[in-house]
Amino acid sequence: MISFHSYLSNRITSSDEKPVTIVDWNAVNGLIAYGQTNGGVTISRVSDNKDQPGLYKITNITSLTTHKHEITALCWNSRFNRLITGDRSGLSVVWVERDSKWFPTILNSATGSAVTSIGTSYTGEFTAITYENGQISCGDLGSNQKWVSKYEGTPKRAFWSGSGKTLYISDQNQEIYAVKDHGTNFQNYEIDLPDTETSIVFAEWNHAEHPQLLIVYENGDIFIHTKGNPENSIIHTGVKISAATWSKSGKLFAFGGNVDNGRCQVQFYTIDLNPIRTINVPAQQITSLSFNRTDTQLAIGVDRSIVIAQLLPINMWDFFDNTIVYAVHRNFSKLFDIVFFNINSNSRHIKSIDNLTGVCASKNSVLIASKTGENETSLLILDKSGIPLASNFIQMDCKLFAKTDNFAIALSDSRLCLWDFVNDDTKFVSLPADSSAVCAQGNKLFIGFTSDEVIAFEIPSCEEIGKYNVGSHVEKISVSSDMTRVSMVDIFGGLSFIDIHSGKIAGKPRKETWSMKWAEDSQDLFVALERQKLYVYHDFNATEAINSLTYICRFSGLEILTVDFTKLLLDPLNPKPEHFHTYETKLLRDVKLLTKSPDVPVEEIVKHIRNFPHKKLWKVFGEWAMMGGHYSTAEKAFTESQSQSELQFVRKVKTIVDKNIQKGFSQWCFGYYEEAQQTFITNNGLNFAIEMWATLGNWERVLQLKPPSDIATRAHIALANNLYLKGDFASAADHYMNAVMYEDAIRCYSMVADIENLVKVMNALGTDDKLLIDLGCKFTKLGICESAVASFLKAGDAAKAVAACIHLNRWDDAVKLSEQHKEVSKKDIMGQYAHYLAGNSQNALATKMLVKFELFEDAANLLASQAAEAIKYNNFLFAKKCFVRAAFLYERCNKPADDIWFKIEALHYLMLASRAIYQGNHAYAIYCSIATKEYSSFLGEERVAALIALAGYYSRNFKQCSNGFITLEHSEKFLPNKQRRIKLLAVKIFDKNQPVDEYKCDVKCPKCGENTFNMFECACSKCDFRSKRSVASGKPITAKSWRCSKCHHFATFEEMRDQKCCPLCHSSAENKPTKMKY
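Under UniProt numbering, think of the first position of the sequence shown as 1, with each following residue one higher.
Keep in mind the hints are simulated off the structure, nothing from the lab.
Take these hints with a grain of salt, some might be off.
[To be verified] DSSO-like, lysine-lysine: derived pairs with alpha carbons at most 27 Å apart:
1. Lys983 x Lys973
2. Lys180 x Lys150
3. Lys57 x Lys659
4. Lys1046 x Lys1060
5. Lys760 x Lys770
6. Lys959 x Lys992
7. Lys895 x Lys881
8. Lys636 x Lys652
9. Lys615 x Lys592
10. Lys872 x Lys959
Work out the full structure: start from the sequences and follow the hints.
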């Protein structure tokens, strides 16, 4: 929800003191242009006041005098820095800036007809000018007139759609028209406008995601129409409106006019027509309004002057433990970025939270509240780095929050939730009325109600301990450090106090207050911001005023820390130290001035401090006394300030005999370190200077003083650790080397790849140093083979040196090292090299190397993997060769090779059958194809069945062909279309042929002598005798046979009569025939 404080901050009288007619604020460069009744146009600038942070000043830059009649229209083209003005005579001028001077470039005149409005599109490409006689002129950026049209009536205002493509006008009859087709077509914009005869003061679209049309009537009616939404919104304000405007963001609007009593007011509303603020303007008439580009200021044209209204956004933020926590709302989103910025370390942390509803801090942590669902709120406790410490979900729609060191308080309209986040205990209490403000301090809770009451409760019992009728609707509450005084700001900015002891309103009421804070170390001191002044209060009375427009972060030690949110929110995710300012109170300034005055006696200063006793004043006085050598006086002052550390220090200094050394210690105590060093060195106290810088942690200054070796080592280690955390690894490594911390130096040098220094470290290490192994590994990771080998060899680990060479693919170096160092296995190295070659597709060379070094099993595995890959591409011949070679290698290392021979046989019979079919040797093909049935698990049932069907068809063994087709027809691996074609082919074949083999395959069994031996199956159906198949033809062997001495497979003697090698493994075939044993 949009919310802000507002007040009138600056006023400037118009040139020639003539009435102001219209105002417009440039959205890019911040210039304000305004016109007057005498035709004068003035350009002004609102700029920062460098002497007073957060404040602004308005100055006239130039006056433009081309017009001689009343200025009736004025508009900036912000994107291209042009100003368009029009007067009552009909003259319109386009102004351009050159060398900080403004010149008229285009002058158009429609004599006798006043300019009624000027409208520039959002993109700045087009400008429309309307005249009282109904003429409408549209021009482009190049000063070319695009079109001119005549409207039957008086166009009062011209404005563009958010896209800049459509021009709209409002006329004297309170109608809205869209101007289309280059001004030739005026279409009534059909929306349900209020039925009123009063004139339209303002009509314009905003530039939101869903554009909204704002129409403001003179009688106080305000109408909002959202594009694409048939439902419109309207309110009756009761104000006689004379001016209105959208904010530059389009999230709110403002209008101004006269109320019943004749006073002038400016009111601010959200796009949902919810009121935000009202400003009373001391004037007779408001003529024009315009926002600046950040919507933090509003220019108001009144009578003969321009007034600037300051709008101070009410942000969700708080300050604790030197850390500011604030929320940044992402545009058109429910997401908020929560920024944590530490003003001492300049460290920044950002968290993102949806539907943020509150931020509230106490001494050591902050409460972040967000809406997580309907009637549900999430409470999250975080530390100053944004790290969660505790969380809770409560079933309340909370709007107000407070926090102490142990409790988080959340309020809805009528309920209170008290969460003890230390012990994780939650309590709910009903409230007597709707709450409007809350504050907690120590064990007391103060709640303001819409019934104009403030009630005090005790924590954690939530019992009522006090009720105060304050007579106003309280918006903010703050409590003093001792919980005896309460300050309140109501919805009109009125400031008042409650004295808890008397239970009555104390002090004089103040107006237009928007920020306040009690001192952390005094119950009497209080600071508040009224308009643009920072007022310091003592005992409810304002004692001084400081010009400032910043938010109060902290009031402690008579110093006020503030933040300039106006500047910070220009780049909200990148806060900077210059956004924060510290102001000293008059009490502190006076005491400092007295201590610097040589003519003021000590007794006078003490008397002055006793009139306004404060620890900070005694501390300042004690510092002055100590610097002046008045140690007894300083001791008394520090006793009054209860500063134990300074008290102990001054007592220590008093024990030192040398007065000059005493002076050096005093300078050290109060932060005059350069002076202290000079004093120490001048008086032979170098050790004290070294101790001072070491105590401060400034180790660079310690090294500059050339300390003893032990202190120098401490300094180098501290500097190295600090640089390492900052990421400056090279500098950190140098300091580690100076501290002889080689392990840390190696880590840092390796992170920046500083090879030269790593080699120096290696040379500095002894041969038995364990760091050599770590250093060698670092060299290996960096790819420096020679240095890695040298490091490992220096450590006496040749195996790791060889491993480094292998890791970096330096195989020649690895072999040389294995030859020089016998403890390294050259055979293992070559095995790894072979695998490297195989991984780089050099399989033949890898196999040759594995065999050479008798790594037969690895070579066989490599060949088997090559064969498996070749089968994927149907390269069966190459696969068979690889399998055969692998089988022989397995046998050489006494590994079983049955599985490999099974695959060899399968591929062998597959190729034999395929070759026989292509050569037309169909009788030969049927035997080989049927032989593949035994290997279907490897070759695939579909491939084997197709081969048998094909061979059976050509050899006219249709029974075998039918068996093949049956397998194919029942396979689930074919697509339906292919399966249908197989069935059609089977029908076509067996429609003409019976599934009967023409070749008689049953012959006499060699064992039982019956004619029951099947030649295709190589088996007898009676005695279960099975014969070996010939690897030459696939036929059964029933007579004398030949057996290969290498692969031990058989063939008939007749088939091998003219063969010189084994048909399967291609070994030499010089063996004699053998007789089969049954």
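Hint-by-hint comparison with the structure:
1. Lys983 x Lys973: 15 Å, holds
2. Lys180 x Lys150: Since the Cα atoms of Lys180 and Lys150 sit roughly 13 Å apart, the hinted pair holds (cutoff 27 Å).
3. Lys57 x Lys659: Answer violated: Lys57 to Lys659 is near 53 Å, above 27 Å.
4. Lys1046 x Lys1060: 14 Å, holds
5. Lys760 x Lys770: Holds: Lys760 and Lys770 sit about 16 Å apart, inside 27 Å.
6. Lys959 x Lys992: 13 Å, holds
7. Lys895 x Lys881: Holds, at roughly 19 Å.
8. Lys636 x Lys652: At roughly 15 Å apart (the allowed maximum being 27 Å), Lys652 and Lys636 satisfy the hint.
9. Lys615 x Lys592: 14 Å, holds
10. Lys872 x Lys959: Not satisfied, since the Cα-Cα distance of roughly 31 Å exceeds 27 Å.
Comparing the model with each earlier hint shows violations of hints 3, 10; every other hint is respected.
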